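Trainee: Got chain A; can you put chain B on it based on the hints?
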Amino acid sequence: MELRKTHIYQYHVEHGNVVDFGGFAMPVWYEGIIPEHKAVREACGIFDTSHMGRVYTEGPEVVKFLDYVDSNDVSALTDGKGVYGVMCKPDAGIVDDLIVYRRSAEKFLVVYNAGNRAKDFAWLLKNTKGFKVKLTDMSDNMGMIAVQGPKAAEILSKISETDPNAIERFNIAPLKISGIDCLAARTGYTGEDGFEVFIPDDPVSEPSKSLKIWNDLVSAGAKPCGLGARDSLRLEAGLWLYGNDIDESTNPVEAGLKWVVKMKKPYFNGKKSLEGIIEKGVPRTLVGIMLMERGIPRHGYEVYDGEKKIGVITSGGVAPTLDASIALAYLPLEYKEIGKEVQVKIRSNMVKGKIVKHHPFYDESKYGWKRVKV
Amino acid sequence: MTDEVKVENGLFYTSEHEWAKPSGEFVIIGVSDYAQAQLHEIVYVELPKKDASIAQGEAIGAVESVKAVSDFYSPITGTVVEVNDALLDSPEKINSDPYGEGWIAKVKPSNWEANVTKLMDAEKYKQHIATLKH
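Protein chains in written order, with the working numbering: chain A, 877 to 1250; chain B, 14 to 147.
I should point out that these hints are in silico values taken from the structure, not numbers from a laboratory. It cannot be assumed that every hint is accurate.
Stated by the list, open to error - Sample of chain A residues facing chain B (criterion: CB under 7 Å; computed from the structure):
| # | residue |
| --- | --- |
| 1 | GLY908 |
| 2 | VAL1194 |
| 3 | LEU1198 |
As the list claims (entries may be wrong) - Derived coverage of chain B by chain A (criterion: at least 3 residues anywhere in the stretch with Cβ under 8 Å from a Cβ of chain A; other residues may be distant):
| # | region |
| --- | --- |
| 4 | 45-57 |
| 5 | 79-89 |
Computed from a predicted structure; not experimentally measured. The C-beta atom is built at its ideal place from N, Cα and C for all residues, glycine as well.
Chain A on its own, in the form it takes in the complex (with noise of 0.2 Å):
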């Protein structure tokens, strides 16, 4: 089967290390992940994102809709403000993580996961019967970069007509760059400080503006960064990877998201059930887990305490910026207290780790959006 194309792929096959990612010919890295993990701790890179679900919902009801499908309040937005949640089945698993930015009362732009493009739609789709909504399927027609990093901000202003620190963390807004007119908004899967552009009236048959945009990108200094920096840079930020960390069958309380979810809302998807777990309490959670001794922690692996299993890495690897390996499980409750000790099997050896906080795994005061700026 051909691969799908994106906006950025006719910069990927000439300089990339291209793969099949979930349907989509896309690239691992450019240079190599660690220095492009590096930039985006250090400075800037971007990342094609095109790939991601975007739709725009709108109709009178697009709150109450947008109220009833995500775990959060989306009744508290106004315009020009977004907010990360998750959509839950009626038994609380997850159907996918996302943002929602309110451009206007009654128009909202919907961003999901690439790997569930096809089932968030029919998702959305089939819970928008008895609300007056209408759902168009943007993703072929916008493209969409994520440029990420402390030095974000000063480098998309060389080719924005206006400042795009005018706009706030988690806010969307018109901005010009490269002369196109695109939406930016504050948000990113890296940790840092950054920016997710959409290039809109953009077919991903014919993208000349997201090309250009990229292109200008690159020339102002930014870092082309693929997949790999991309897993590597969510995963020390304590990020959630869809499919890996969170699924059908995992519920938001036990991956650690109860902060997304508004039990207050008088009525959402999965609430019901969720009102259960939260009274009956979960009997795992999901902890971070930082190796003692040398190794890699991957996706399955298992973690135990001696003799007795405990559970599966969901998320694993090496951790460039903390020269550390690091792991997410799903682990009984009574060892979600930092410091305790476990192992990994790593083929046939114990490797002794330790719970750490992971969300995120380093320093807030060094890394991260929050850091001290100097």
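Mentor: Chain B in isolation, oriented as in the chain A frame:
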């Protein structure tokens, strides 16, 4: 992406991209330039154990990049007499010098004559790599 894959003459190769190089009464083993280029950015090496008895084709360690794990299959049968401990702190030596500083272990072979019949010389290995390119 990969410019020119280096295949060193005088070495014997497996289809899994390990190499064996006779050196007096011992044989040095490691992974090929093709293997390191495929893995890219090697960040961890699990070395075989010193004094271990190993068999040709047996998984005796692993080479890992940020993204992937590749088992290291012994190209020969024998006893490990030395391992390249320097790789624990500098695994990237396999990327920069796979046939030199990136060697993995030194083995006292016990069945070299039989082992070598199952390995490829440089010419054959070059042909093998050519079949893998798309």
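Trainee: Take the hints in turn and mark each one as holding or not.
Mentor: Taking the hints in turn, this is what the structure says about them:
1. GLY908: holds, 5 Å
2. VAL1194: With a closest approach of 5 Å, the A:VAL1194 hint holds.
3. LEU1198: Violated, about 13 Å.
4. 45-57: Contact hint for the region 45-57 of chain B vs chain A: holds, 4 residues under 8 Å.
5. 79-89: With 3 residues close enough to chain A, the hint holds.
Comparing the model with each numbered hint stated earlier shows that hint 3 is the single one that does not hold.
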